[in-house]
Amino acid sequence: MTVAPEKNELVVPEGHVKLVIDGIEVVAPKGELLIRTAERMGITIPRFCDHPLLDPAGACRQCLVEVEMGGRPMPKPQASCTITVADGMVVKTQVTSPVADKAQQGVMELLLINHPLDCPICDKGGECPLQNQALAHGRTDSRFVDRKRTFAKPIPISTQVLLDRERCVLCQRCTRFSAQIAGDPFIELLERGAQQQIGIAEEKPFQSYFSGNTIQICPVGALTSAAYRFRSRPFDLVSTPGVCEHCSSGCAERTDWRRGKVMRKLAANDPEVNEEWICDKGRFAFRYTGAADRVLRPMVRDKATGELKQASWTEALQVAAEALTKARGSAGVLTGGRLTLEDAYAYSKFARVALGTNDIDFRARPHSREEQEFLASTVVGTTPETGVTFTGIEAAPTVLCVAFEPEEEAPIVFLRLRKAARKGRTKVFHIGQWTSPAVEKTFGTLLATPPGGEAAAVDALSSHAPDVTEGLGKPGSVILVGERAAQVPGLFSALLRLSEQTGARIAWIPRRAGERGAVEVGALPTLLPGGRLVADAAARAEVEQAWGLEPGSLPDVPGRDTNGIIEAAANGELRALVVGGVDPYDLPDPQLALKALRTADFVLSLELRHSAVTEFADVVLPIAPSVEKAGTFLNWEGRRREFGTTLDGTGALPDCRVLDTLAVEMDADLFTQTPTAAAGDLARLGTTSTARAAAPTVESRQQSLPQSDGQALLATWRQLLDNGSLQEEEPHLAGTARRVVARLSEHTAEVLGVDKAETVRVSTDRGSVTVPFEYADLPDGVVWLPGNSGDVRVRRELGALHGSPVNVHPGGTE
Amino acid sequence: MGFLDPVKGFGVTFGMMFKKVATEKYPEVKKVTAPRYHGRHQLNRHPDGLEKCVGCELCAWACPADAIFVEGGNNTDEERYSPGERYGADYQINYLRCIGCGLCIEACPTRSLTMTNEYELANDNRQVLIFTKEDLLAPLLPGMEAPPHPMRLGETEQDYYVNGPELAKRAQEEAK
Numbered sequence: 000m001t002v003a004p005e006k007n008e009l010v011v012p013e014g015h016v017k018l019v020i021d022g023i024e025v026v027a028p029k030g031e032l033l034i035r036t037a038e039r040m041g042i043t044i045p046r047f048c049d050h051p052l053l054d055p056a057g058a059c060r061q062c063l064v065e066v067e068m069g070g071r072p073m074p075k076p077q078a079s080c081t082i083t084v085a086d087g088m089v090v091k092t093q094v095t096s097p098v099a100d101k102a103q104q105g106v107m108e109l110l111l112i113n114h115p116l117d118c119p120i121c122d123k124g125g126e127c128p129l130q131n132q133a134l135a136h137g138r139t140d141s142r143f144v145d146r147k148r149t150f151a152k153p154i155p156i157s158t159q160v161l162l163d164r165e166r167c168v169l170c171q172r173c174t175r176f177s178a179q180i181a182g183d184p185f186i187e188l189l190e191r192g193a194q195q196q197i198g199i200a201e202e203k204p205f206q207s208y209f210s211g212n213t214i215q216i217c218p219v220g221a222l223t224s225a226a227y228r229f230r231s232r233p234f235d236l237v238s239t240p241g242v243c244e245h246c247s248s249g250c251a252e253r254t255d256w257r258r259g260k261v262m263r264k265l266a267a268n269d270p271e272v273n274e275e276w277i278c279d280k281g282r283f284a285f286r287y288t289g290a291a292d293r294v295l296r297p298m299v300r301d302k303a304t305g306e307l308k309q310a311s312w313t314e315a316l317q318v319a320a321e322a323l324t325k326a327r328g329s330a331g332v333l334t335g336g337r338l339t340l341e342d343a344y345a346y347s348k349f350a351r352v353a354l355g356t357n358d359i360d361f362r363a364r365p366h367s368r369e370e371q372e373f374l375a376s377t378v379v380g381t382t383p384e385t386g387v388t389f390t391g392i393e394a395a396p397t398v399l400c401v402a403f404e405p406e407e408e409a410p411i412v413f414l415r416l417r418k419a420a421r422k423g424r425t426k427v428f429h430i431g432q433w434t435s436p437a438v439e440k441t442f443g444t445l446l447a448t449p450p451g452g453e454a455a456a457v458d459a460l461s462s463h464a465p466d467v468t469e470g471l472g473k474p475g476s477v478i479l480v481g482e483r484a485a486q487v488p489g490l491f492s493a494l495l496r497l498s499e500q501t502g503a504r505i506a507w508i509p510r511r512a513g514e515r516g517a518v519e520v521g522a523l524p525t526l527l528p529g530g531r532l533v534a535d536a537a538a539r540a541e542v543e544q545a546w547g548l549e550p551g552s553l554p555d556v557p558g559r560d561t562n563g564i565i566e567a568a569a570n571g572e573l574r575a576l577v578v579g580g581v582d583p584y585d586l587p588d589p590q591l592a593l594k595a596l597r598t599a600d601f602v603l604s605l606e607l608r609h610s611a612v613t614e615f616a617d618v619v620l621p622i623a624p625s626v627e628k629a630g631t632f633l634n635w636e637g638r639r640r641e642f643g644t645t646l647d648g649t650g651a652l653p654d655c656r657v658l659d660t661l662a663v664e665m666d667a668d669l670f671t672q673t674p675t676a677a678a679g680d681l682a683r684l685g686t687t688s689t690a691r692a693a694a695p696t697v698e699s700r701q702q703s704l705p706q707s708d709g710q711a712l713l714a715t716w717r718q719l720l721d722n723g724s725l726q727e728e729e730p731h732l733a734g735t736a737r738r739v740v741a742r743l744s745e746h747t748a749e750v751l752g753v754d755k756a757e758t759v760r761v762s763t764d765r766g767s768v769t770v771p772f773e774y775a776d777l778p779d780g781v782v783w784l785p786g787n788s789g790d791v792r793v794r795r796e797l798g799a800l801h802g803s804p805v806n807v808h809p810g811g812t813e
Numbered sequence: 000m001g002f003l004d005p006v007k008g009f010g011v012t013f014g015m016m017f018k019k020v021a022t023e024k025y026p027e028v029k030k031v032t033a034p035r036y037h038g039r040h041q042l043n044r045h046p047d048g049l050e051k052c053v054g055c056e057l058c059a060w061a062c063p064a065d066a067i068f069v070e071g072g073n074n075t076d077e078e079r080y081s082p083g084e085r086y087g088a089d090y091q092i093n094y095l096r097c098i099g100c101g102l103c104i105e106a107c108p109t110r111s112l113t114m115t116n117e118y119e120l121a122n123d124n125r126q127v128l129i130f131t132k133e134d135l136l137a138p139l140l141p142g143m144e145a146p147p148h149p150m151r152l153g154e155t156e157q158d159y160y161v162n163g164p165e166l167a168k169r170a171q172e173e174a175k
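Read top to bottom, the protein sequences are chains A and B.
Each residue of the first sequence is one higher than the one before, counting from 0 in numbering that gives the first Met the number 0.
Each residue of the second sequence is one higher than the one before, counting from 0 in numbering that gives the first Met the number 0.
Just so you know, the hints here were simulated from the structure itself, not pulled from any lab data.
Only a predicted model underlies this, so the values are computations on that prediction, with no experimental measurement involved.
Hints are supplied without guarantee of correctness; some may be wrong.
Simulated crosslink set (SDA-like; lysine to any residue; CA at most 25 Å straight-line) [to be verified]:
{"no.": "1", "chain 1": "A", "residue 1": "152", "chain 2": "B", "residue 2": "157"}
{"no.": "2", "chain 1": "B", "residue 1": "168", "chain 2": "B", "residue 2": "114"}
{"no.": "3", "chain 1": "B", "residue 1": "175", "chain 2": "B", "residue 2": "48"}
{"no.": "4", "chain 1": "A", "residue 1": "152", "chain 2": "B", "residue 2": "101"}
{"no.": "5", "chain 1": "A", "residue 1": "152", "chain 2": "B", "residue 2": "146"}
{"no.": "6", "chain 1": "A", "residue 1": "152", "chain 2": "B", "residue 2": "149"}
{"no.": "7", "chain 1": "B", "residue 1": "132", "chain 2": "A", "residue 2": "259"}
{"no.": "8", "chain 1": "A", "residue 1": "260", "chain 2": "B", "residue 2": "131"}
{"no.": "9", "chain 1": "A", "residue 1": "152", "chain 2": "B", "residue 2": "113"}
{"no.": "10", "chain 1": "A", "residue 1": "260", "chain 2": "A", "residue 2": "300"}
{"no.": "11", "chain 1": "A", "residue 1": "422", "chain 2": "A", "residue 2": "468"}
{"no.": "12", "chain 1": "A", "residue 1": "152", "chain 2": "B", "residue 2": "151"}
{"no.": "13", "chain 1": "A", "residue 1": "308", "chain 2": "A", "residue 2": "593"}
{"no.": "14", "chain 1": "A", "residue 1": "152", "chain 2": "B", "residue 2": "155"}
{"no.": "15", "chain 1": "A", "residue 1": "203", "chain 2": "A", "residue 2": "191"}
{"no.": "16", "chain 1": "A", "residue 1": "260", "chain 2": "B", "residue 2": "130"}
{"no.": "17", "chain 1": "A", "residue 1": "594", "chain 2": "A", "residue 2": "724"}
{"no.": "18", "chain 1": "A", "residue 1": "147", "chain 2": "B", "residue 2": "83"}
{"no.": "19", "chain 1": "A", "residue 1": "152", "chain 2": "B", "residue 2": "79"}
{"no.": "20", "chain 1": "A", "residue 1": "418", "chain 2": "A", "residue 2": "275"}
{"no.": "21", "chain 1": "A", "residue 1": "75", "chain 2": "A", "residue 2": "104"}
{"no.": "22", "chain 1": "A", "residue 1": "308", "chain 2": "A", "residue 2": "652"}
{"no.": "23", "chain 1": "A", "residue 1": "147", "chain 2": "A", "residue 2": "119"}
{"no.": "24", "chain 1": "A", "residue 1": "152", "chain 2": "B", "residue 2": "158"}
{"no.": "25", "chain 1": "A", "residue 1": "260", "chain 2": "B", "residue 2": "48"}
Cβ-to-Cβ under 8 Å is the rule here; a few derived chain A residues that face chain B [claimed, not checked]:
{"no.": "26", "residue": "119"}
{"no.": "27", "residue": "231"}
{"no.": "28", "residue": "232"}
{"no.": "29", "residue": "234"}
Derived DEER-like restraints, expressed as beta-carbon distance ranges [as the list claims (entries may be wrong)]:
{"no.": "30", "chain 1": "A", "residue 1": "86", "chain 2": "B", "residue 2": "89", "range": "52 to 62 Å"}
{"no.": "31", "chain 1": "A", "residue 1": "94", "chain 2": "B", "residue 2": "89", "range": "38 to 48 Å"}
{"no.": "32", "chain 1": "A", "residue 1": "308", "chain 2": "B", "residue 2": "124", "range": "31 to 41 Å"}
{"no.": "33", "chain 1": "B", "residue 1": "117", "chain 2": "A", "residue 2": "727", "range": "45 to 55 Å"}
{"no.": "34", "chain 1": "A", "residue 1": "190", "chain 2": "B", "residue 2": "117", "range": "46 to 56 Å"}
{"no.": "35", "chain 1": "B", "residue 1": "117", "chain 2": "A", "residue 2": "228", "range": "31 to 41 Å"}
{"no.": "36", "chain 1": "A", "residue 1": "191", "chain 2": "B", "residue 2": "108", "range": "33 to 43 Å"}
{"no.": "37", "chain 1": "B", "residue 1": "124", "chain 2": "A", "residue 2": "600", "range": "49 to 59 Å"}
{"no.": "38", "chain 1": "A", "residue 1": "727", "chain 2": "B", "residue 2": "124", "range": "33 to 43 Å"}
By construction, the Cβ of each residue, glycine as well, lies at the ideal position given by its N, Cα and C atoms.
Please build the complete structure, drawing on both the sequences and the hints.
If you want it as structure tokens, here you go:
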């Protein structure tokens, strides 16, 4: 029997080419790198410098393959990480070609000549691409007999990154990452020939918010982490996928832990969100869970001594339930902005069902009624399918950032902005006060306004900067607004008008991980879960039915916001407060907040660590940090970022469980015993067809510069690395925080008479801070201070907001 | 069947009285093991008393019974336990699990971990059978100084390894 040869011609679609790799015909999109095509087929070519998210470099020469074009072999093996596929190419990798194999072995031998082979003491040992590939593609012994080149080791290039130059194979992944992705080219190749090395300029350490990524992508042990130094080996570690609990980006992470302790966090690959990068805060700030002041047992304040004393859960819950039952209808709930969706939902339901009030607010920061209306009308209910996304930002022709400092408030949004702008497709505009590093690194244009004048600036865009409105008119354009907008009256209204006028979509990017989720579950005085309005009877009826309540039992009056709750508690209108993770010094008026905590008859604090709130609390209930519980964060896109428990069996309980049990003591059922149960209960509520809230319409107003002598307007926002309580116990991380300085223009300094001094003293009637200053391109009559860095704690020391007038005087010489 | 048969058995017993006895008088008389007997582990020291262990965990990696736990630590100029950058900050061997195979000894890159001939590793308390670094470290010989202390025998850790045998010989002579 003869068998006809099967016709199995590959179809080549438009924009694709056909080539042969190791005797197998394959179709690849035009412009794809050879190494990537081979990888798709399952042929792994060894490499060091190649990284899919970095521009090709061809620096390490490890990926040599034999290439034949048009029947003519190229004279030497070629680096497959820099050659793109072409029609009719015939490629032989080390699998089929002895020439390629020998070339790769030769390169490996050369790379190892000066490598110290100190794997036993190297942190990379066990997960090192050089180790693995030397075993797979190297010779068993070296012909090199002379002394190896040595360098002093290790040298700290910042407080958190250590450089061991002997181990480096000069692949330039770190320098390319810093220059291309992060835009912080603080490390570079120095010297020539055998002395070539990675290094920093003198006195210019590697102060980048993204430096941790270079440690992760280093294919040898040349860059290691000071915090993780010698802590463990990869085979000791259990790796659990997780989600970052810091900012609202919701980055995918890998948490490596050993013996019940988190050892390190790494970036996981999520192309939709963080690609393969995370910021240093997400990577290094996790030791707060092991702080000495962690609350591990429930505590009840002893009536006789006035001290907090450890108590059993039963006793603590009983005391809390009794007091809260008494105060039903006159209790307020402050949840803080760092809760998971499930926990925030439990608070929301607890306030409505157990306390019978709408006095609940998640905003532990300056806020406004206008913001609340904006959240209820525009933000709630958006999902990645309907709203702005990371990939949407990348594809947008124009992005306008208003009252939003991407690098400090949502670093991964900043990386996307930079990626988009670097390709030249996206034009980025910032309405802010000065050309901050983020403006420079996103190749952006600054539209400077005095603080508080952002709303007027947005309204005036079409007349003053028609190119911006024209750009925003292109389909896909995006407006990004940050949490600072709540401090500028009329800004949200102005942005909604701009959005309507140009068609650009608005995304609200809060600073804290839990804020977006809290909006969704109705941890706001005017919202019920799912964007339902408190004031809407149909919406209330829906919720009552889903929760199994008597019709008409939900409170129908919109409640107080954070400021309202604090004020009412301070003057005795509210008798009890339930406080989640709130730092009173983050609130617009810390003094009033402390008074409220002192005045309230009963304060229940659900806390991780002892804080300014637990000092006044009558009952403190310990809750679990995010690594010790499961849950979901909703990131700013509205994307569900679910994560499981990393450290099991620590005995720490999530907020939803604690509130559920407390509610049972108060004769109310929340059905939020576990995060899964809470998520199920929330899902049963579903989406609503009831009325949406009306958009805010607040007039913008021109910000007038202070006229009197020695006064200036304060511009302020928080930096990524600052005094935040989740960053405590991290000395290495703190070392890469930006220098704490005030900023003002030269003219302002002259007018205020501080130009001869070395520091400025900024003061209000509350207090003052003295701080060194730098010149920057701020509008005249404006001074900028970091929100909560070092000794400069604007809210705590000055009680001032973004746009407040402050007194500025020379602070004398240091 | 002969008439001597009933006493034949006594003959065997009597005969044994002139043979070498197999009974050991342990614990009154301790048995001397073969020189390469796999007994309790020991963490050796350099001649100046610094530890040889660099905390690399290769022993833990090699261990088929998962009996070894190691955590590395960072040497500083003020507090130095071993030459070089790294030392074993925490070192534990669980003798409830150890099967005495000696793979850890083969894995050790610095000859820090060796086995002694000590075989008395029984106890009525499970906790005690987890030996920590204090139990495992070799005793300080004359001329040795308990770490932490600076490197006495060279400028870098290279000197300790390159000149290792010579240093050991000199230390032995000095001890005599």
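In ascending order, which of the hints set out earlier in this document are inconsistent with the structure?
As far as the earlier hints go, 4, 9, 10 and 25 are violated by this structure, in ascending order.
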